[in-house]
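J.: This is what each chain is made of:
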Amino acid sequence: MNLLDVQNLRIKFSTRRGETEAVKGIDFCIGENESVAIVGESGSGKTVTAMSLTRLLPPPPVCSVSGKILFENSDVAAMDESSLRKIRGRKIAYIFQEPSTSLNPVFTVGYQIAEAVRLHFPETEDVRKVVVDALAEVGIRNPELRYKSYPHELSGGMQQRVMIAMALACKPNLLVADEPTTALDVTIQKQIIDLLKSVRARRGMSLLLITHNFGIISELCERVLVMFRGKIVEQGRCADVLNNPQHPYTKALIGCIPRLGMTKKLEPIDYEKLGAI
Amino acid sequence: MLKYFTSRILEAIPVFFIIVTAVFFMVRFVPGGPFDKERAVSEETLAALNSYYGLDEPLVVQYCSFLKNLARGDLGPSFKYAGWSVNEILREKALVSLELGGCALAIALVLGLGVGFAAAAFPSGKIGAALSGISLVGICLPAFVLGPVLILIFCLRLNCFNAMGWSDFPSDIVLPAFTLALFYAAWIARLSRSRAVEEKSRGYVRTAVAKGCGKGRVYFVHILRNAVEPVISYIGPAAAGLLSGSFVVETIFQIPGLGRFFISSALDNDYTMIMGCVMLYSVFIIAFNLLSDFLLAAVNPKIAKEMRK
Chain R
1 MNLLDVQNLR
11 IKFSTRRGET
21 EAVKGIDFCI
31 GENESVAIVG
41 ESGSGKTVTA
51 MSLTRLLPPP
61 PVCSVSGKIL
71 FENSDVAAMD
81 ESSLRKIRGR
91 KIAYIFQEPS
101 TSLNPVFTVG
111 YQIAEAVRLH
121 FPETEDVRKV
131 VVDALAEVGI
141 RNPELRYKSY
151 PHELSGGMQQ
161 RVMIAMALAC
171 KPNLLVADEP
181 TTALDVTIQK
191 QIIDLLKSVR
201 ARRGMSLLLI
211 THNFGIISEL
221 CERVLVMFRG
231 KIVEQGRCAD
241 VLNNPQHPYT
251 KALIGCIPRL
261 GMTKKLEPID
271 YEKLGAI
Chain B
278 MLKYFTSRIL
288 EAIPVFFIIV
298 TAVFFMVRFV
308 PGGPFDKERA
318 VSEETLAALN
328 SYYGLDEPLV
338 VQYCSFLKNL
348 ARGDLGPSFK
358 YAGWSVNEIL
368 REKALVSLEL
378 GGCALAIALV
388 LGLGVGFAAA
398 AFPSGKIGAA
408 LSGISLVGIC
418 LPAFVLGPVL
428 ILIFCLRLNC
438 FNAMGWSDFP
448 SDIVLPAFTL
458 ALFYAAWIAR
468 LSRSRAVEEK
478 SRGYVRTAVA
488 KGCGKGRVYF
498 VHILRNAVEP
508 VISYIGPAAA
518 GLLSGSFVVE
528 TIFQIPGLGR
538 FFISSALDND
548 YTMIMGCVML
558 YSVFIIAFNL
568 LSDFLLAAVN
578 PKIAKEMRK
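Line by line, the protein sequences give chains R and B.
Throughout the first sequence, residue numbering follows the working numbering, covering 1 to 277 in sequence.
Throughout the second sequence, residue numbering follows the working numbering, covering 278 to 586 in sequence.
These are calculated hints, taken from the structure and not from any lab test.
Heads up, the beta-carbon is just placed ideally off N, CA and C, and yes, glycines get one too.
Among the hints, erroneous ones may be present.
List time: in silico DSS-like cross-link candidates among lysine-lysine, alpha-carbon distance up to 25 Å [unchecked claim]:
hint, chain 1, residue 1, chain 2, residue 2
1, R, 86, B, 586
2, R, 148, B, 582
3, B, 492, R, 171
4, R, 91, B, 492
5, R, 148, B, 586
6, R, 86, B, 492
7, R, 148, B, 579
8, B, 477, R, 12
9, B, 345, R, 148
10, B, 582, R, 12
Facing chain R, according to a computed beta carbon distance under 7 Å, are these residues of chain B, among others [as the list claims (entries may be wrong)]:
hint, residue
11, 407
12, 477
13, 481
14, 502
15, 578
16, 579
Negatives, chain R to chain B, calculated, CB over 10 Å [stated by the list, open to error]:
hint, residue
17, 31
18, 88
19, 139
20, 153
21, 252
22, 260
23, 262
Full structure from sequences and hints, please.
T.: What follows is the structure, given as structure tokens:
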């Protein structure tokens with residue numbers, strides 16, 4: 001049985017200039033302990049797909065979602081608000097792209113992590129210890145001291161670690177990481193990827209990684225889905241897709257990756273040629 | 278933090294003296310004097326009055342003796358109200374204005390924040406539009422319209438309050454305090470609404486929802502704490518204005534407060550009274566701005582950090 005099974009997912013946005021379909025009927029699944037990546041360019045629908053998994057998108061009429069999102073065999077798309085709250089954070093946790101804006105500036109990071117723990121495990125006696133352990137797990141030195149820090153007192157990399165600690169504190173079954181390293185510089189990116197890798201190795205949880213960076217995918221994921229204009233155009237094992245892409249868009253996307261010692265000019269994606277797809 | 282506020286208080290002292298000095302000389306350069314009446318006063322009487330109050334001496338000498346008295350806390354006699362010292366008038370009238378202004382401030386805060394945050398909770402619905410509309414009316418409606426309308430409705434038609442008077446009944450404060458508060462309440466409502474709507478689209482709100490917070494928790498705990506900032510900055514100067522009395526409201530409701538003296542002392546060229554009113558108002562402005570900065574630091578740790586630098 002799959003942990004997550006998405007069937008015929010369609011996401012529409014109504015704007016003043018009419019409707020746009022951001023996701024046009026996609027199907028995919030994630031197994032227990034499996035790690036899956038969704039790649040695609042900006043606007044391909046990968047982030048809204050991730051947001052729709054716990055209905056984080058704006059409510060209708062702005063945005064309407066149809067299709068089935070089966071998580072542990074219950075349909076998230078049809079769930080009532082209170083059952084949904086028990087899944088958010090507890091079963092499916094998120095890490096977002098911009099750690100600096102994703103944390104509330106007026107509360108200490110310790111409080112913000114503790115809030116998640118209190119919401120889902122109200123019977124916990126020593127919440128503080130759980131939080132400090134979570135901070136320590138993501139490699140924050142002096143977790144006792146950092147508990148009382150405000151987000152603005154931490155660097156971007158540290159803030160993202162706090163976000164990861166918050167996501168992990170409730171031991172979720174699925175971690176959704178929406179471009180977790182895009183806002184960080186390269187050395188910090190590497191640290192965050194290594195951290196996610198080691199957490200997964202230790203805990204064994206499923207991961208859905210949203211990214212446009214092929215380098216991260218091969219490090220972290222087993223399977224990859226390529227999204228283009230709201231559709232999944234190709235999917236398969238990471239190594240297969242990266243080494244032997246079938247779809248012209250995937251080929252074009254992989255053709256854009258610079259490599260060390262490369263002498264050929266990078267090819268921009270020719271959308272005219274892809275237009276018919 | 279303590280260092281920051283000590284330095285702010287020390288900065289306020291020269292500001293205060295610049296205001297006092299400027300006003301001292303400005304009022305004396307205004308044509309006319311405190312004893313110019315419609316009925317001409319004889320030369321001898323005028324000379325006697327001027328020498329009694331020390332107005333015949335050179336300005337610099339007057340200024341020095343003013344400062345000397347100020348250091349002792351003595352603001353001198355009122356020129357207009359013979360037998361009264363400015364200290365006595367301020368003490369008696371300011372208490373009335375403080376009481377009225379304090380009530381009005383409380384009403385403005387409760388009403389303003391309530392309406393503003395309720396409107397922000399339903400930004401696109403009819404309730405939100407209605408609440409925003411009401412607050413716009415509140416800003417546009419001047420006290421000299423609102424006051425008489427309230428008197429008409431609540432005193433003459435419904436007979437619940439006295440139309441005017443002060444301290445006869447405890448309920449006398451209700452209508453004037455509300456009249457005074459409405460404009461401020463409306464401003465606070467608009468400030469808090471627009472900021473709360475803005476805060477709703479921030480990333481941390483999405484994080485809070487994603488970790489399982491309910492709607493109420495997201496709004497009351499996460500958003501509102503961030504949305505009170507502009508209100509706090511606003512209530513500094515607003516509190517100074519409210520607590521120092523209002524000419525219009527005190528005149529409409531016949532309240533023996535300080536507000537009327539701000540206008541009448543200037544019209545009467547009552548030099549010492551003008552100085553008293555100006556000094557009281559500047560102390561209020563300085564003190565309440567300091568207080569609102571202190572509150573801002575308490576609400577937002579980022580601002581507190583900047584102050585510590």
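J.: Would you mind marking each hint as holding or not holding in the structure?
T.: Going through the hints against the structure:
no. : hint            : verdict
1   : 86/R <-> 586/B  : violated (43 Å)
2   : 148/R <-> 582/B : holds (14 Å)
3   : 492/B <-> 171/R : holds (23 Å)
4   : 91/R <-> 492/B  : holds (19 Å)
5   : 148/R <-> 586/B : holds (19 Å)
6   : 86/R <-> 492/B  : holds (13 Å)
7   : 148/R <-> 579/B : holds (14 Å)
8   : 477/B <-> 12/R  : holds (22 Å)
9   : 345/B <-> 148/R : violated (51 Å)
10  : 582/B <-> 12/R  : violated (43 Å)
11  : 407             : violated (21 Å)
12  : 477             : violated (10 Å)
13  : 481             : holds (4 Å)
14  : 502             : holds (5 Å)
15  : 578             : holds (4 Å)
16  : 579             : holds (5 Å)
17  : 31              : holds (22 Å)
18  : 88              : violated (4 Å)
19  : 139             : holds (20 Å)
20  : 153             : violated (8 Å)
21  : 252             : holds (32 Å)
22  : 260             : holds (35 Å)
23  : 262             : holds (36 Å)
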